[in-house]
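Following the hints, put chain B in place on chain A, whose structure we already have.
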Amino acid sequence: MSEEKLIASRDVYGKTLAELGKVYPDLVVLDADLSQSTKTCVFGKEFPDRFFNMGVAEQNLIGVAAGLAASGKIAFASTFAVFASGRAWDQIRASVAYPHLNVKIVATHGGITTGEDGATHQALEDIAIMRVMPNMTVIVPADAVETRLAIHQLVKMDGPAYVRLNRLAVPVIHENENCDFEIGRAQTLHAGSDLTIIACGIMVKAALDAAKILKASGILARVINLHTIKPLDVKCILLAAQETGALVTAEEHSIIGGLGAAVAEVVCENCPVPVVRVGMKDIFGESGKPAALLEKYGMTAADIVTAAKTALKRKSK
Amino acid sequence: MGISVEKQKQLEDKARLIRRHIIEMISLAQSGHPGGSLSAADIVTCLYFYKMRHDPKRPAWPDRDKFVLSKGHAAPVWYAALSEAGYFPVDYLKTLRQIGGALQGHPDRLSVPGIEMTTGSLGQGLSVSVGMALAARLDKKDTKIYCMIGDGESQEGQIWEAAMAAGHYKLDNLVVLLDHNKLQIDGLVEGVMGIEPVADKWKAFRWNVIGPVDGHAMHAICDALDSAGKIKGKPTIIIFDTTKGRGVSFMENVAGFHGKAPNAEETSKALQEIGHCQKKN
Chain A
1 MSEEKLIASR DVYGKTLAEL GKVYPDLVVL DADLSQSTKT CVFGKEFPDR FFNMGVAEQN
61 LIGVAAGLAA SGKIAFASTF AVFASGRAWD QIRASVAYPH LNVKIVATHG GITTGEDGAT
121 HQALEDIAIM RVMPNMTVIV PADAVETRLA IHQLVKMDGP AYVRLNRLAV PVIHENENCD
181 FEIGRAQTLH AGSDLTIIAC GIMVKAALDA AKILKASGIL ARVINLHTIK PLDVKCILLA
241 AQETGALVTA EEHSIIGGLG AAVAEVVCEN CPVPVVRVGM KDIFGESGKP AALLEKYGMT
301 AADIVTAAKT ALKRKSK
Chain B
1 MGISVEKQKQ LEDKARLIRR HIIEMISLAQ SGHPGGSLSA ADIVTCLYFY KMRHDPKRPA
61 WPDRDKFVLS KGHAAPVWYA ALSEAGYFPV DYLKTLRQIG GALQGHPDRL SVPGIEMTTG
121 SLGQGLSVSV GMALAARLDK KDTKIYCMIG DGESQEGQIW EAAMAAGHYK LDNLVVLLDH
181 NKLQIDGLVE GVMGIEPVAD KWKAFRWNVI GPVDGHAMHA ICDALDSAGK IKGKPTIIIF
241 DTTKGRGVSF MENVAGFHGK APNAEETSKA LQEIGHCQKK N
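Protein chains in written order, with my numbering: chain A, 1 to 317; chain B, 1 to 281.
One chain only, chain A, in its complex shape:
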């Protein structure tokens, strides 16, 4: 673990915004009193005229971003994932998604690894409630490299999007700064024919680790990085279902409504195969160290391995 490069996606987010601010004069950034944590302050320092702090008022944050977007600006609005997705859900629905405005909601502190702050601050439902909205693009980058590329692509894409980032510094899985990342297209990171592990966010690293463990016992697992939850890369998922016959999904999110549910939906309708979901089991989190929380609530490489064995058993029946 020690030789791995650890970077927090939010750090890259702030830097990327500042980078893009120079190229796009219409780029504006908004925050709700969390700019030090979401790292939008990096942009704010560089471009004070184009940075708007709305104070602790997330509903207004989204509405103001919508007004700026309706006036031709590219608006990035940031706060913690719980507040962005939950506190301002109707504002996102009625003032951003339905009117198809160019607002990019980039939320940090997604998932249980928000840690010590406890359940109120751990967004475990955000992917579900964002992906259910028409017109919405939902992206959960796996690392810092993907975060940077996602923001670069989003700035050129017209329309609403939700991006979920993390608090923690996490391993960088892509060696190449310009890896093959494209919104809406899943990546197969590891070849395998016995089953497929489909993951997003920090669980992609856990999935790769699980594939290694499985390989040691002769099981070849394909690993798919499903960084874009919406629009879903249906083709890639169905191909995995057809070719490997069993799926495990892994997300730092409730097993209800998120990546696991999205995968199960398409597989059920088109190519039914066993699906085992790794994620929060319809329960709130608690305070604790991130690694301990992942372990307690069953979102580690070992949990993926167990799920893989369950899926394989069902497949052979």
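No wet-lab data here; the hints were simulated from the structure. Since we're looking at a predicted model, the values are computed, not measured. In this text, a Cβ means the ideal position worked out from N, Cα and C, and glycines have one as well. Any given hint might turn out to be false.
Partial chain A-side listing against chain B, Cβ under 10 Å, derived [claimed, not checked]: (1) M54; (2) Q59; (3) G67; (4) A69; (5) A75; (6) R93; (7) S95; (8) H100.
Distance windows between CB atoms, simulated [said to hold, decoys possible]: (9) K94/B <-> D11/A: 52 to 58 Å; (10) F284/A <-> I185/B: 31 to 37 Å; (11) A204/B <-> P231/A: 45 to 51 Å.
Below, chain B alone, put in the same frame as chain A:
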């Protein structure tokens, strides 16, 4: 100062026409919100036919003033004004709330020219207007953003989040028009959830407050709109004293006509009371 008698007559005629459209379109749809559309009719008329810089032939003209109807259920008054101004044929009004039609029950910016923003979920239009005002300032435009809110709508917390932000950012290019008709769905605003003293609230949020102004007197509305544009360093709210259902006796001050369409008999009586324009526009 003040509009000419001729201009006043012209505006009154236009408002009469707009009220007729409101009744006719809601009646035809047998669905819609007459009460809050009629209370806002005179203010919206003054905006589109006196105050705002706009060009119906160029709905996306970058130098236009913008209007946002935050109380989106009053969409019929906006549709009527836009069609009378020439944004789309008056005939389209017949499609209100019809499947496949452009005129949605609540305003949709993507389907109707002149609709600056999608609204309907109360409390959201003011935040959007704050964003538009910030954008206009960034772009160094001398345009104004007008946002109409309701008094019942003022119970939404987001209104006050937006009010605080507009005061903080000193948005003197933003003018809020409060359609203070004193009624909401469940009855009197003061009975359901009182908002008074409403002027003091806006003052406390660092706004310039004008009013109360008679929201059915054209000269008073135009005067208030003119003076709102002159204040520097603060956003302005004009508190318009209005009557819900104004112009139709049996709808006036009746909460039941907030969201109820008139039947055939009520429609003909309403149109008779509103009367015809003195001259063809």
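**OP:** Using Cβ atoms only, decide whether H100/A comes closer than 10 Å to chain B, and label the hint accordingly.
**Re:** 6 Å, holds
Original post:
Close enough to count: is the Cβ of A75/A nearer than 10 Å to one in chain B?
Top reply: 8 Å, holds
Original post:
With 10 Å as the cut and Cβ atoms as the points, is M54/A at the interface with chain B?
Top reply: The hint holds - M54/A has a Cβ within 10 Å of chain B, the shortest such distance being about 6 Å.
Original post:
Close enough to count: is the Cβ of S95/A nearer than 10 Å to one in chain B?
Top reply: 5 Å, holds
Subject >> Interface hint outcome for Q59/A [beta carbon to chain B under 10 Å] >> reply: Where the cut-off is 10 Å and the nearest Cβ of chain B is about 4 Å from Q59/A, the hint holds.
Subject >> CB-CB spacing for I185/B and F284/A relative to the 31 to 37 Å hint >> reply: Distance hint for F284/A, I185/B holds at roughly 35 Å.
Original post:
Could one say that the CB atoms of K94/B and D11/A fall in the range 52 to 58 Å?
Top reply: Distance hint for K94/B, D11/A holds at roughly 57 Å.
**OP:** Using 10 Å as the Cβ threshold, decide whether R93/A counts as touching chain B.
**Re:** 8 Å, holds
Subject >> Cβ distance range 45 to 51 Å for A204/B and P231/A, holds or violated >> reply: Given a distance of about 46 Å, which is inside 45 to 51 Å, the answer is holds.
Subject >> A69/A as an interface hint toward chain B, with CB separation required under 10 Å >> reply: At about 7 Å, which falls below the 10 Å cut-off, the nearest Cβ of chain B leaves the hint on A69/A intact, so it holds.
Subject >> Interface hint compliance - G67/A to chain B, C-beta minimum distance less than 10 Å >> reply: Hint on G67/A: holds, closest Cβ of chain B at ~2 Å, below 10 Å.
Going through the hint list in order, the structure satisfies each hint without exception.
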